[in-house]
Amino acid sequence: MIKTSSKVLVKGNEAIAQAALNAGCKCYFGYPITPQSEIGEFMSRKMPELGRTFVPAESELASISMVIGAGTTGTKAMTSSSSCGIALMQEALSAMVCAEVPGVIISVMRGGPGLGNIAPAQGDYFQAVKGGGNGDYKVVVLAPATVQEAVNLTYRAFHLSMKYRTPVILLADGILGQMMEPVEFGEYPYEEIDTSAWALSGAKNRKPRFLVSLHMQEGEMEAITNRIFEKHDLIAKNETTYEAYQTEDADLIITAFGTVARVAKAAVKKAREKGMKAGLFRPVTLVPFPDEALHNAAKSAKMVLDIEMNKGQMLVDVRSAVFGAAPVEFYGRPAGGLITLEDIYGQIEKRLG
Amino acid sequence: METLVYKKPECLKKDGKFTFCPGCGHGVVLRMIAELIDEFGIQGDTIAISSVGCSIFLEKFYDLDVAGASHGRSPSVATGIKRSLPGKFVFTYQGDGDALTIGLNETIHTASRGEKITTICINNTNFGMTGGQASATTLVGQVTKTTPTGRNPEYVGYPIHAAEMVAKCDGAAFVARVSICSPASIKKAKEILKKAFEMQIKGIGYSFVEVLATCPTNWGMSPVDSMKHIKDDIEKVHPTGIFKDITQTEAR
Numbered sequence: 001m002i003k004t005s006s007k008v009l010v011k012g013n014e015a016i017a018q019a020a021l022n023a024g025c026k027c028y029f030g031y032p033i034t035p036q037s038e039i040g041e042f043m044s045r046k047m048p049e050l051g052r053t054f055v056p057a058e059s060e061l062a063s064i065s066m067v068i069g070a071g072t073t074g075t076k077a078m079t080s081s082s083s084c085g086i087a088l089m090q091e092a093l094s095a096m097v098c099a100e101v102p103g104v105i106i107s108v109m110r111g112g113p114g115l116g117n118i119a120p121a122q123g124d125y126f127q128a129v130k131g132g133g134n135g136d137y138k139v140v141v142l143a144p145a146t147v148q149e150a151v152n153l154t155y156r157a158f159h160l161s162m163k164y165r166t167p168v169i170l171l172a173d174g175i176l177g178q179m180m181e182p183v184e185f186g187e188y189p190y191e192e193i194d195t196s197a198w199a200l201s202g203a204k205n206r207k208p209r210f211l212v213s214l215h216m217q218e219g220e221m222e223a224i225t226n227r228i229f230e231k232h233d234l235i236a237k238n239e240t241t242y243e244a245y246q247t248e249d250a251d252l253i254i255t256a257f258g259t260v261a262r263v264a265k266a267a268v269k270k271a272r273e274k275g276m277k278a279g280l281f282r283p284v285t286l287v288p289f290p291d292e293a294l295h296n297a298a299k300s301a302k303m304v305l306d307i308e309m310n311k312g313q314m315l316v317d318v319r320s321a322v323f324g325a326a327p328v329e330f331y332g333r334p335a336g337g338l339i340t341l342e343d344i345y346g347q348i349e350k351r352l353g
Numbered sequence: 001m002e003t004l005v006y007k008k009p010e011c012l013k014k015d016g017k018f019t020f021c022p023g024c025g026h027g028v029v030l031r032m033i034a035e036l037i038d039e040f041g042i043q044g045d046t047i048a049i050s051s052v053g054c055s056i057f058l059e060k061f062y063d064l065d066v067a068g069a070s071h072g073r074s075p076s077v078a079t080g081i082k083r084s085l086p087g088k089f090v091f092t093y094q095g096d097g098d099a100l101t102i103g104l105n106e107t108i109h110t111a112s113r114g115e116k117i118t119t120i121c122i123n124n125t126n127f128g129m130t131g132g133q134a135s136a137t138t139l140v141g142q143v144t145k146t147t148p149t150g151r152n153p154e155y156v157g158y159p160i161h162a163a164e165m166v167a168k169c170d171g172a173a174f175v176a177r178v179s180i181c182s183p184a185s186i187k188k189a190k191e192i193l194k195k196a197f198e199m200q201i202k203g204i205g206y207s208f209v210e211v212l213a214t215c216p217t218n219w220g221m222s223p224v225d226s227m228k229h230i231k232d233d234i235e236k237v238h239p240t241g242i243f244k245d246i247t248q249t250e251a252r
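Chains as they are written, first to last, in the working numbering: chain A, 1 to 353; chain B, 1 to 252.
It is worth saying that the hints were derived from the structure and are not from the lab.
Note that the structure is predicted; figures quoted are calculated from it, not measured.
Each hint should be verified, as a subset may be incorrect.
[What the hints assert, rightly or not] Some, not all, of what chain B presents toward chain A, calculated at C-beta under 8 Å: (1) E35; (2) D38; (3) E39; (4) G41; (5) D45; (6) S50; (7) S84; (8) K88; (9) H109; (10) G203.
From the three backbone atoms N, C-alpha and C, an ideal C-beta is built for every residue, glycine too.
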């Protein structure tokens with residue numbers, strides 16, 4: 001039994017699902033895939049108890065489209081999947097951005113490419129951050145590093161999604177999904193967003209509304225795209241978050257997101273104990289990316305070392321943010337290769353030792 | 001004394017004009033739907049889902065709330081809407097390319113789940129909007145842009161019989177195929193569409209109506225010949241009728 005007030009030991013996937021319930025998620029639609037199937041299993045038990053909706057969809061194409069349907073009515077809805085499943089949702093994510101439909105997508109990465117494996121990996125940074133859908137679009141992407149943060153960011157995902165009428169991806173990996181940690185759920189910390197000005201409900205005593213993604217009139221699509229990007233400028237201004245750990249005097253700043261960042265933090269602590277000035281910069285919002293903060297942090301460093309469980313994906317955003325303020329190097333392992341404290345400490349020692 | 005013989009349905013836009021080719025069946029069906037929404041008095045409680053194809057521009061014609069769907073996914077979008085707002089009338093308007101080719105999986109699963117929605121599927125045996133390529137329902141021997149010598153089943157297989165297939169789904173409450181090739185068949189089609197609407201309005205279950213409709217431009221026929229083609233050729237492959245009506249049968 002998961003309580004909502006005091007600290008409890010919970011598996012990451014179940015913590016995310018419980019947080020979604022606390023956030024007021026009324027509809028869950030999903031299709032099983034390892035390593036996140038516990039989310040759907042949890043929802044299949046809890047949603048009917050609460051008089052809410054659980055639909056086991058026939059595919060990820062269907063589940064994200066069901067999220068769209070619920071989203072058009074201003075209903076908080078969610079789906080969850082992993083790598084290949086998220087790949088199938090890309091067309092719909094592009095359409096959601098265009099039609100400004102809210103929805104939360106939990107992506108618990110596994111190893112790829114292809115069907116890959118079920119080991120933890122971070123190979124879907126590009127998939128989430130750059131997107132595989134068509135056209136000019138962006139979704140908001142949040143990257144938790146602990147189970148507690150997964151809970152907090154699930155709350156935030158629902159909030160941002162409703163506030164800005166956009167899909168939000170919570171990008172976790174298999175480690176976070178599968179491990180148990182003590183968590184304090186608390187209550188959903190955000191105010192409810194009024195959707196009555198745009199949600200579909202039937203055109204009773206008001207003008208009809210339409211939430212569609214085809215706009216054929218000359219100039220119409222250009223205007224919509226510009227408006228969506230202005231919205232993202234606002235999101236970047238208001239919502240960008242990151243963690244900077246001992247970066248002020250660091251000679252070497254490690255950049256990392258998600259679970260790798262917590263391993264890196266331990267390595268930074270160890271390096272500091274040995275007198276090496278290492279620091280950690282961890283983006284919490286991958287979109288919007290904390291460009292300015294990273295650039296400023298890098299100015300006083302001798303070097304930036306990006307570490308990821310992939311072949312170098314966030315690396316392109318790190319390089320773009322650092323923009324010559326310091327040299328950027330990379331260390332990573334793809335497709336389920338785990339990065340240990342010793343690995344990262346060794347990388348630091350090689351450069352500062 | 002003046003007698004009113006024609007009136008534009010309330011839920012069709014006052015300044016809206018159908019933008020279909022001459023002799024196209026879409027306008028006839030869209031108008032029938034509008035008449036039924038008026039007759040049931042559900043304009044303010046209806047949400048329509050537009051699909052991809054000539055069926056897409058619902059918001060240009062209807063004074064209704066409209067949600068868009070990616071190609072083939074209208075039944076899934078409808079599911080999300082109906083589960084969120086169970087009291088609303090939710091229908092999808094799709095073609096054979098959308099509902100029966102790329103979206104057959106969604107069609108079959110939505111029927112099997114018994115979602116309390118209504119699907120109206122225009123079957124004109126080709127992809128109309130993209131210029132007349134072969135679809136899942138294209139007749140054997142039919143010439144299309146991608147079956148230039150006629151559909152050869154040895155090479156591209158056979159047409160799918162949608163209404164028969166959907167009727168096999170345990171979750172479906174009402175399944176029919178109608179045609180709109182004559183005043184009599186149009187009248188009959190409206191009666192059947194009305195039954196399909198009632199299935200949802202009365203909370204009975206999922207309803208599916210496939211409408212055999214003309215596509216003179218892509219068939220390369222005159223509107224009159226197109227009507228005849230439905231009667232003489234298409235109905236032989238895709239016969240009209242009510243394939244399932246759980247209110248007319250005893251315990252399922």
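>> Which constraints among the numbered hints does this structure fail? Numbers only, ascending.
In response: 1, 2, 3, 4, 10
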